[in-house]
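Colleague: Here the protein sequences line up with chains A and B, keeping their order.
Reminder that position 300 of the first sequence reads as 310 in the numbering used here, one-by-one numbering, no gaps.
Reminder that position 110 of the second sequence reads as 823 in the numbering used here, one-by-one numbering, no gaps.
It is possible that some hints are incorrect.
[Stated by the list, open to error] Straight-line Cα separation of at most 27 Å, DSSO-like style, residue types lysine-lysine; simulated pairs:
#1 B:LYS790 <-> A:LYS153
#2 B:LYS961 <-> A:LYS274
#3 B:LYS790 <-> B:LYS951
#4 B:LYS873 <-> B:LYS961
#5 B:LYS878 <-> A:LYS275
#6 B:LYS849 <-> B:LYS812
[Claimed, not checked] Here are the simulated distance ranges between beta carbons:
#7 B:SER742 <-> A:ILE39: 48 to 54 Å
#8 B:GLU871 <-> A:ASP281: 21 to 27 Å
#9 A:GLN227 <-> B:GLU871: 18 to 24 Å
#10 A:LEU52 <-> B:SER742: 25 to 31 Å
#11 A:LEU52 <-> B:ALA788: 27 to 33 Å
#12 B:LYS951 <-> A:GLN227: 37 to 43 Å
#13 A:GLY152 <-> B:LYS812: 43 to 49 Å
#14 A:ALA293 <-> B:TRP969: 54 to 60 Å
#15 A:ALA285 <-> B:ASP924: 34 to 40 Å
#16 A:ASP174 <-> B:ARG966: 50 to 56 Å
#17 B:VAL964 <-> A:ASP281: 30 to 36 Å
#18 B:ASP924 <-> A:THR316: 40 to 46 Å
#19 B:TRP969 <-> A:ASP174: 29 to 35 Å
#20 B:GLU767 <-> A:ALA271: 19 to 25 Å
[Unchecked claim] Chain A is faced by these chain B residues, among others (derived, beta-carbon under 7 Å):
#21 GLU773
#22 PRO779
#23 ALA858
#24 LYS951
Quick caveat, the hints were computed from the structure, so don't treat them as lab data.
By construction, the Cβ of each residue, glycine as well, lies at the ideal position given by its N, Cα and C atoms.
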Amino acid sequence: MLRCVILALVFVLASVRLASTAEFELREIAPGVFAHQGRTALMSEQNLGDIANLGAVVGERAVAVIDTGGSPAEAKMFLAALQQKTAKPIRYVINTHAHPDHVFGNGVFAGPGVEFVGHKNLPRALAARGPHYRESFRDAMGKEIEDVRIIEPNILVEDRLTLDLGGRKLLLQAWRTAHSDCDLTAFDEQSGVLFAGDLLFLKHVPIVDGSLLGFLQVADALAKIPASRVVPGHGPLAAQWPQALESERAYLERLTGDLRAAIKKGDNVSDAAQAAGQTERGAWSLFEDYNARNATAGFAELEWETP
Amino acid sequence: MISTARLTAAAILSLGLLQGAAAQTLSPSDPWPDLVRDIFHDRAMAGDEVVALEAPVRAEDAAIVPMTLRLKSSAVKGATLVIDQNPAPMAASFTFGDKADVGFIATRVRVNSYTNVHAVGETRDGTLHAQVKFVKAAGGCSAPAGKNPDEATAHLGEMKYREFKSPEPGRREAQIMIRHPNSSGMQMDQLTHLYIPAHYIDRVEVRQGEDLIFSMEGGISLSEDPNFRFSYAPNGSKTISVEAHDIKGNVFRREWPIGEAS
Numbered sequence: 011m012l013r014c015v016i017l018a019l020v021f022v023l024a025s026v027r028l029a030s031t032a033e034f035e036l037r038e039i040a041p042g043v044f045a046h047q048g049r050t051a052l053m054s055e056q057n058l059g060d061i062a063n064l065g066a067v068v069g070e071r072a073v074a075v076i077d078t079g080g081s082p083a084e085a086k087m088f089l090a091a092l093q094q095k096t097a098k099p100i101r102y103v104i105n106t107h108a109h110p111d112h113v114f115g116n117g118v119f120a121g122p123g124v125e126f127v128g129h130k131n132l133p134r135a136l137a138a139r140g141p142h143y144r145e146s147f148r149d150a151m152g153k154e155i156e157d158v159r160i161i162e163p164n165i166l167v168e169d170r171l172t173l174d175l176g177g178r179k180l181l182l183q184a185w186r187t188a189h190s191d192c193d194l195t196a197f198d199e200q201s202g203v204l205f206a207g208d209l210l211f212l213k214h215v216p217i218v219d220g221s222l223l224g225f226l227q228v229a230d231a232l233a234k235i236p237a238s239r240v241v242p243g244h245g246p247l248a249a250q251w252p253q254a255l256e257s258e259r260a261y262l263e264r265l266t267g268d269l270r271a272a273i274k275k276g277d278n279v280s281d282a283a284q285a286a287g288q289t290e291r292g293a294w295s296l297f298e299d300y301n302a303r304n305a306t307a308g309f310a311e312l313e314w315e316t317p
Numbered sequence: 714m715i716s717t718a719r720l721t722a723a724a725i726l727s728l729g730l731l732q733g734a735a736a737q738t739l740s741p742s743d744p745w746p747d748l749v750r751d752i753f754h755d756r757a758m759a760g761d762e763v764v765a766l767e768a769p770v771r772a773e774d775a776a777i778v779p780m781t782l783r784l785k786s787s788a789v790k791g792a793t794l795v796i797d798q799n800p801a802p803m804a805a806s807f808t809f810g811d812k813a814d815v816g817f818i819a820t821r822v823r824v825n826s827y828t829n830v831h832a833v834g835e836t837r838d839g840t841l842h843a844q845v846k847f848v849k850a851a852g853g854c855s856a857p858a859g860k861n862p863d864e865a866t867a868h869l870g871e872m873k874y875r876e877f878k879s880p881e882p883g884r885r886e887a888q889i890m891i892r893h894p895n896s897s898g899m900q901m902d903q904l905t906h907l908y909i910p911a912h913y914i915d916r917v918e919v920r921q922g923e924d925l926i927f928s929m930e931g932g933i934s935l936s937e938d939p940n941f942r943f944s945y946a947p948n949g950s951k952t953i954s955v956e957a958h959d960i961k962g963n964v965f966r967r968e969w970p971i972g973e974a975s
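Bound conformation, chain B alone:
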């Protein structure tokens, strides 16, 4: 009767059971004070626009929400993007190269629910500068999970590099894309009923020649196929290189010649 079927152990599994393993996303209170303590060790923050955050008012697709950090001062040495209500709020922490003069960095994140998003910049004098935006979560069947995890896994670690004409005089603009499911580890294996371990990119370094443009430490709040678009001041190097690490110990490296676009 059943011509080609894979019969698995009968699995009557309620969402209630799954829920037990998921993070507690419904906190009525503002998580930000706790995040300031845990991520920034309760350091004081100025509420200015040294690092300006561009975030959409509405997250159209919960799995791919564009976020842009604009560095308004060359004294910024690092910036952290925090999605307050996500299970793993610290989406990405960027460190910028001393001489890279990064003008902006844009990436894509997952947003689980209505949330504040914070951008916290650190200047070379050691002070923190925070900006906040509120993002409405998408409705309907939008979910922060991957769209095509098989495709991302089949091409694991493949990268793409693109250059753009920069509107900022003296800076170049480029984009780095990395194929990776960046999965949260909440998926359950149907046969074993064990949760599949998380598998995500946790460290990326981008260099022109030997010099750092930026490095990033991140987690599962970054979208499937992590994507970074940024501007920087060229140092005359002929190549741009990327080294990315994931939590399974994979290291992905690529290098490209820098073109004429500027």
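Isolated chain A, as found in the complex:
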């Protein structure tokens, strides 16, 4: 174990030297709260997997990082940009869930004194999916994939957990299966900024990789968080709260309604997946890439509802 830690440290130090902040924008969206907006795109070697929003909250004693990006190269730029904003030590790395665009940069942040924090189901999800992600992103990410090390969390959140960053509390909440089976949000009480992870999509079509009905329920519960501002997992960093949830809810409700009707009618999953949710097409980017997938998973879930 010690050897792992030392190797990780060497890796981090080597990484920092290579980092460049030239094309990496990290904005201070509230005092001591930073966010980076990823591109609305699929992960590629060209964009270094920089498609998800990332964040950081700086307290008096410690910094918490929220998601690490889609590649070590992106994570190095993120780390370098963050170190230009603050000299405080990064003590926590929070992963909002297990998807590669949020965790592939983890290895860059690993080192002594850095705790990795995730939903109680995150280790299972990383174990079950990690090897597949590594193989399946080899074509898209090229040599970037070679450096990917996914660090499992050593602090697991079963329900709620408060991280004290020094004069600043970050409230973490683990949710029931929704976007995925390991969704975690982070709420900075002081600024009122909510990091919603992929429980909130703006412009980028929502992805359902857990439970359609769970996603709708969690969206309702999220709306009750007294946030002043929200950082979605994908899409613009500036959004009204909780109005920002409305377009996502409209999409998920349309998909649910269409699928229930198809199931009632006796349609098969293939036909239903091509037809459901199509009226939402114009409202979203990457609709072609994800809608039929959401509909397939949603069909398999909703089939269990009917008597």
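Got chain A sorted already, so can you dock chain B onto it with the hints?
Modeller: Coordinates of chain B only, in the frame set by chain A:
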């Protein structure tokens, strides 16, 4: 400082380590000749459509890829679905009841990567008939793992039965669903760092009255919550029954009255 947290042993675990335990999925060569030897003992296969395979061009969701086998001859006694590039390629092997006259059977499988999918039918004269389709794997964060394994485990073995109006004269159409995580066993227990044993449905029998409609032997390439939709010729029985076995020795049985839909 940490109000409610479960601290576990620090686990810095690279994917490289995990990779060692996963099957070798990146074979540049075509695995089909080896699969013909291992599964079908190198028997000759006709390249016809005695059993037609319907597979999507693109696997939208790698965990739930619909596959349909259409039996074009009542002489078909069995059919095997093979996902060539999967870690466990033989997804399902079906045996059809003598008098069931099954018209089609649709199920859902996991697809790990770009792959050929083969449907191999066997007719009563002992000859094999193969058809192949190429399926593009889904991109993005799609993975062949389960979506909601806690839900599947909490309801382990629950079943659902549905009937549909069949467009085929003289046949009925029905669907059997079985709650099961059908897990591959690659998950690692966070506390022990031991791999959780595989847990999947390996045998299913569906009967009308006493007569077999179909039986299936399968493995981890079947999706979470195995699902079968099929058509068959009714024999006048009042009930349809299912017996499913998983590799932990669980046996799940259900029986339903057959309704009026036909």
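Colleague: Honestly, which of those hints from before does the structure not fit?
Modeller: 1, 2, 6, 11, 13, 14, 18, 19, 24
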